[in-house]
Every structure is written in C-alpha cells, then in structure tokens.
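Q: Residues per chain are reported as follows:
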Amino acid sequence: RKEVEQDPGPFNVPEGATVAFNCTYSNSASQSFFWYRQDCRKEPKLLMSVYSSGNEDGRFTAQLNRASQYISLLIRDSKLSDSATYLCVAASGGSYIPTFGRGTSLIVHP
Amino acid sequence: DVKVTQSSRYLVKRTGEKVFLECVQDMDHENMFWYRQDPGLGLRLIYFSYDVKMKEKGDIPEGYSVSREKKERFSLILESASTNQTSMYLCASSLLDRAEQYFGPGTRLTVT
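From first to last, the protein sequence lines stand for chains A and B. So for the first sequence, the numbering used here puts the first residue at 1; every next one is plus one. So for the second sequence, the numbering used here puts the first residue at 1; every next one is plus one.
Do not rely on the hints blindly, as some may be mistaken.
Said to hold, decoys possible - Cross-link-like lysine to aspartate or glutamate pairs, in silico, EDC-like; alpha carbons within 20 Å at most:
no.	chain 1	residue 1	chain 2	residue 2
1	B	Lys71	B	Glu22
2	A	Lys45	B	Glu100
3	A	Lys45	B	Asp28
4	B	Lys3	A	Asp39
5	A	Lys45	B	Asp38
6	A	Lys79	A	Glu15
7	A	Lys42	B	Glu22
8	A	Lys45	B	Asp26
9	B	Lys3	A	Glu43
Unchecked claim - Label-pair ranges, simulated between beta-carbon atoms:
no.	chain 1	residue 1	chain 2	residue 2	range
10	A	Ser68	B	Leu96	30 to 36 Å
11	A	Ser68	B	Glu56	29 to 35 Å
12	B	Leu41	A	Asn12	20 to 26 Å
13	A	Gln31	B	Asp51	18 to 24 Å
14	B	Arg9	A	Asn65	38 to 44 Å
15	B	Gly40	A	Asn12	17 to 23 Å
16	B	Ser67	A	Ser49	40 to 46 Å
17	B	Gly40	A	Asn65	24 to 30 Å
18	B	Asp26	A	Ala29	31 to 37 Å
19	A	Ser68	B	Glu79	40 to 46 Å
20	B	Leu96	A	Arg76	31 to 37 Å
21	B	Lys13	A	Gly16	43 to 49 Å
22	A	Tyr51	B	Ser80	43 to 49 Å
23	A	Ser68	B	Gly16	45 to 51 Å
No lab work stands behind these hints: they were computed from the structure. Even glycine gets a Cβ: it sits at the ideal position worked out from N, Cα and C.
Work the whole structure out from these sequences, hints included.
A: As structure tokens, then:
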C-alpha cells in the first residue's frame with residue numbers, strides 16, 4: 001500500500017515556541033488528509049482535517065501542498081499539554097481506508 | 001459525539017488460548033476496522049468491514065479472524081494466541097464514504 005512518511009522526532013521545544021511538522025505521501029490519488037493526535041497509551045483522536053486552501057483551528061494551522069505531495073502542521077505558542085504524537089493521514093479519492101504515518105513525537109518542556 | 005467502546009482495556013492470555021476482542025460503536029457507522037499498534041511500526045490494519053457480515057483483509061490478517069453480525073459490533077478473534085500477538089489493539093469506525101475514523105480506547109493484550 002502507498003506510504004505516508006513522517007519524521008519520528010522527538011521534537012523537543014520550550015513552552016511558547018512555534019513548531020512545524022511535515023509529512024509526505026506517495027499516492028498522488030490521495031484526496032483526503034488529516035492530522036490525528038495520540039497521547040501516550042491512548043487512542044488516536046482526530047485533530048483536524050486538511051483542506052486544499054489550508055485551514056486554521058486556534059493555535060493549529062494545517063496546509064497541503066499537492067505539487068510536492070506533503071502536508072504540514074504548525075503549532076503556535078506551544079503548551080505543555082501539546083506533548084503527544086501527531087499522526088499524518090492520507091486517503092485516496094473514493095477510499096474510506098486511510099493510510100496512517102507512524103507519527104511525530106512532540107515534547108514541550110517548561 | 002461518536003463513541004467507540006472496547007470490551008477490555010487490559011487482557012492477559014496464555015499461548016494457545018482463543019481470544020475475543022469486542023468493539024461497539026453507537027453512531028450508526030457503516031465501516032469498522034481493527035488495527036494493532038506496536039512501537040516503531042505504527043498502526044497496521046488487520047481487518048475491516050463495510051457492512052454486516054462483510055469483511056475484508058487488511059495488511060496483516062494472518063492469525064486473526066473477525067465477525068460482524070450486527071452493524072454496531074465488530075469482533076476480532078485470535079484463534080490460538082501467540083506471544084507475537086502481544087500488542088495494543090485499536091478498533092475504529094467511520095461513515096461509509098468518509099475517511100475520518102474514530103477510535104476506541106484500545107485493548108492492551110499480553111500473551112504469555
């Protein structure tokens with residue numbers, strides 16, 4: 001199956017920092033993109049969808065670059081509670097079976 | 001809010017035992033999935049189902065089977081548990097034509 005690649009990290013940042021993650025996908029037919037957040041020993045939870053025009057939800061901004069086949073997640077003003085693993089997800093058009101990346105670990109320290 | 005529940009949070013079984021993991025969702029989702037998650041390997045799809053009594057193999061179906069007798073319930077069966085099936089098992093559901101999945105809390109299975 002087509003892959004979704006992420007830098008596993010960990011990204012170690014101080015509180016208040018801005019941090020960005022990228023993820024690349026190999027299936028050019030991918031149409032739907034998401035970011036999930038997974039806390040230690042918990043289930044993944046949908047953080048946000050990623051739209052072609054880019055979208056923002058509070059401190060979180062997601063962007064899509066179809067030409068280069070990557071999506072990004074920007075977190076501004078990082079909080080301690082943002083510490084988690086962030087999973088990048090892509091699904092091809094008409095498919096309800098997404099492909100998950102292996103996740104990027106973020107550690108926000110005081 | 002979508003709610004996906006799994007029958008156990010922690011389970012310890014012996015090698016050779018038959019193991020049943022149950023998953024129930026309350027949002028009338030058509031699609032249901034079983035994954036396992038291991039450190040460094042990410043989420044791996046075991047089986048999925050898009051309708052009652054329908055099932056499709058995922059990437060790693062060997063050693064597992066599934067059952068979907070009711071729309072809201074999807075069971076994962078380990079016919080004869082082995083130590084390499086020690087893992088975190090996650091159930092998820094989604095609407096028929098949507099890729100956004102909602103996960104249950106997971107079952108951490110240890111096979112000794």
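Q: Against the earlier hints, flag every one the structure doesn't satisfy and list their numbers going up.
A: When the structure is compared with the hints, only number 16 turns out to be violated.
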